[in-house]
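Trainee: For reference, the chains in residue letters:
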Amino acid sequence: DVKVTQSSRYLVKRTGEKVFLECVQDMDHENMFWYRQDPGLGLRLIYFSYDVKMKEKGDIPEGYSVSREKKERFSLILESASTNQTSMYLCASSRGGGYTFGSGTRLTVV
Amino acid sequence: DQQVKQNSPSLSVQEGRISILNCDYTNSMFDYFLWYKKYPAEGPTFLISISSIKDKNEDGRFTVFLNKSAKHLSLHIVPSQPGDSAVYFCAARRYGAGGTSYGKLTFGQGTILTVHP
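Protein chains in written order, with my numbering: chain A, -6 to 103; chain B, 182 to 298.
No wet-lab data here; the hints were simulated from the structure. Any given hint could turn out to be false.
[Said to hold, decoys possible] To spell it out: a stretch of chain A is covered by chain B in this simulated footprint if at least three of its residues, at any positions, have a beta carbon under 8 Å from a beta carbon of chain B; those stretches are: (1) 36 to 45; (2) 91 to 102.
[Unchecked claim] In silico negatives: residues of chain B with every beta carbon more than 10 Å from chain A: (3) L192; (4) S193; (5) E196; (6) I201; (7) S209; (8) M210; (9) K235; (10) D236; (11) T244; (12) F246; (13) S250; (14) P260; (15) T295.
Computed from a predicted structure; not experimentally measured. Each residue gets a CB set at the ideal place from its N, CA and C atoms; glycine is no exception.
All chains, full assembly: derive it from the sequences and hints.
Mentor: Right, here's the structure in full:
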């Protein structure tokens, strides 16, 4: 069974901390994505990557960066966490068709 | 600019009845449309899709209809079951410029479906 695995289901971090969210896929997909889900706003794209070391900004990249050193791993970095980054973070991968999502990471910034 | 819109935040339906979830889009370059279902504390899972060259696709209890002229699609669930209670997201895809095929999806805001026993 194909999988997208996000390293943490729940995280609580303090304001100003640097936060790493990790995502690994085992499907050899070229494309990987990071979204956040907020009530009433749906899924909003933060960053995506279509190849190793390649990245592009999504709709809401401010306050975030990403890293893709290996094809199977796509990391989301919150450089200095703020309370407005409290959200559900979802990683996905695809080969150009539909997405396979991870289970999500519920991040709370206090 | 919200290119994919789900204007109904929630929908409540009796078990056995039909659920109709709606989605509107503005970008005529979208060529593929998908519906995802999401339970709390889980990632979205793919439900059904439709290509822009079709106007209907059916899979068991789920049917998606596409009206290109109106830039509107809908998901019909018949009969609705309590286990269908979830958030439903509409998504649209357009291929990137220059032939790249990363197929970025644009999602709507989601509709919370509640099916009462």
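Trainee: The structure should be examined with respect to each hint, and the outcome stated for every one.
Mentor: Right, here's what the structure says about each hint:
{"no.": "1", "hint": "36 to 45", "result": "holds (count 5)"}
{"no.": "2", "hint": "91 to 102", "result": "holds (count 8)"}
{"no.": "3", "hint": "L192", "result": "holds, 15 Å"}
{"no.": "4", "hint": "S193", "result": "holds, 17 Å"}
{"no.": "5", "hint": "E196", "result": "holds, 26 Å"}
{"no.": "6", "hint": "I201", "result": "holds, 19 Å"}
{"no.": "7", "hint": "S209", "result": "holds, 19 Å"}
{"no.": "8", "hint": "M210", "result": "holds, 16 Å"}
{"no.": "9", "hint": "K235", "result": "holds, 16 Å"}
{"no.": "10", "hint": "D236", "result": "holds, 20 Å"}
{"no.": "11", "hint": "T244", "result": "holds, 18 Å"}
{"no.": "12", "hint": "F246", "result": "holds, 19 Å"}
{"no.": "13", "hint": "S250", "result": "holds, 25 Å"}
{"no.": "14", "hint": "P260", "result": "holds, 25 Å"}
{"no.": "15", "hint": "T295", "result": "holds, 15 Å"}
Consistency note: the structure conflicts with none of the earlier hints.
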